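**Q** Listed below, chain by chain, are the residues.
2 protein chains.
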Amino acid sequence: MQHKTNPYYSPCPVETTLNIVGNKWKLLIISKLLEDKKRFGELKKELSATKNQSISQNVLTQNLRELEEAKIIKRKVFAQVPPKVEYSLTELGASLESVLNSLETWGGNYQKGCI
Amino acid sequence: MQHKTNPYYSPCPVETTLNIVGNKWKLLIISKLLEDKKRFGELKKELSATKNQSISQNVLTQNLRELEEAKIIKRKVFAQVPPKVEYSLTELGASLESVLNSLETWGGNYQKGCI
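Taken in sequence, the protein lines are chains A and B.
Residue numbers are given in the numbering used here: position 63 of the first sequence equals residue 63, and the series is strictly consecutive.
Residue numbers are given in the numbering used here: position 93 of the second sequence equals residue 93, and the series is strictly consecutive.
Think of the hints as simulated: they come from the structure by calculation, not from any bench.
Since the model is a prediction, treat every value here as computed from it, not as a measurement.
One or more of the hints may lead you astray.
Derived pair list, reagent style DSSO-like, types lysine-lysine, alpha-carbon separation capped at 30 Å [as the list claims (entries may be wrong)]:
no., chain 1, residue 1, chain 2, residue 2
1, A, K74, A, K112
2, A, K24, B, K84
3, B, K45, A, K112
4, B, K71, A, K32
5, A, K84, A, K38
6, B, K45, A, K37
7, A, K112, B, K112
8, A, K84, B, K112
9, B, K37, A, K112
10, B, K84, A, K44
11, B, K112, A, K32
Make a model of the complete structure from these sequences and hints.
**A** See below:
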């Protein structure tokens, strides 16, 4: 990483990660894309299904755009009618699996009352 | 965990965790308290030191209050003049170390350009 030019850089590694994935929606989007590539509508539906609050079209679009800028996800547009756009994780994005696993493990233990 | 009465509950374990610690400030506060118990002023100073943006008094107060409500941190008030208040992790809060470790490892690898 080029520290001077990278907008996500912080001397603290935890903060560097959080500058990239530091909101709930981004981590949930990555969690869904770890399962499989998804279309916009699928993501919107799935994020709203498990959630206490649903995600608006604008907020999802904004978060997807920021994740694409950070090279965590990529966007594939199919030249067809109606247009089809698929989102998937880049190699960098897929490397976040360990982070998502730790969130899942902790949440599972919390739900079971093990901690 | 009592699902029906727990405001953080989601059927998805990842989301359950994020309902509790799902913003950047909360995770950074927990990261600082994993080192040691801290006073308000110490937290404010340390959070602003490593960060691209500093945290305001109000935002820190609000996040500390929410973490206390979620039983992640506890607040100890010393009866002295001037008043002294110390924040530390509860057992539940300390169990988040694995999550913070995964964020730190990923961030470290990202900084080194290993991913």
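**Q** Would you pick out the hints that fail for this structure and give their numbers low to high?
**A** Hint check: 1, 2, 3, 6, 7, 8 and 10 fail, others pass.
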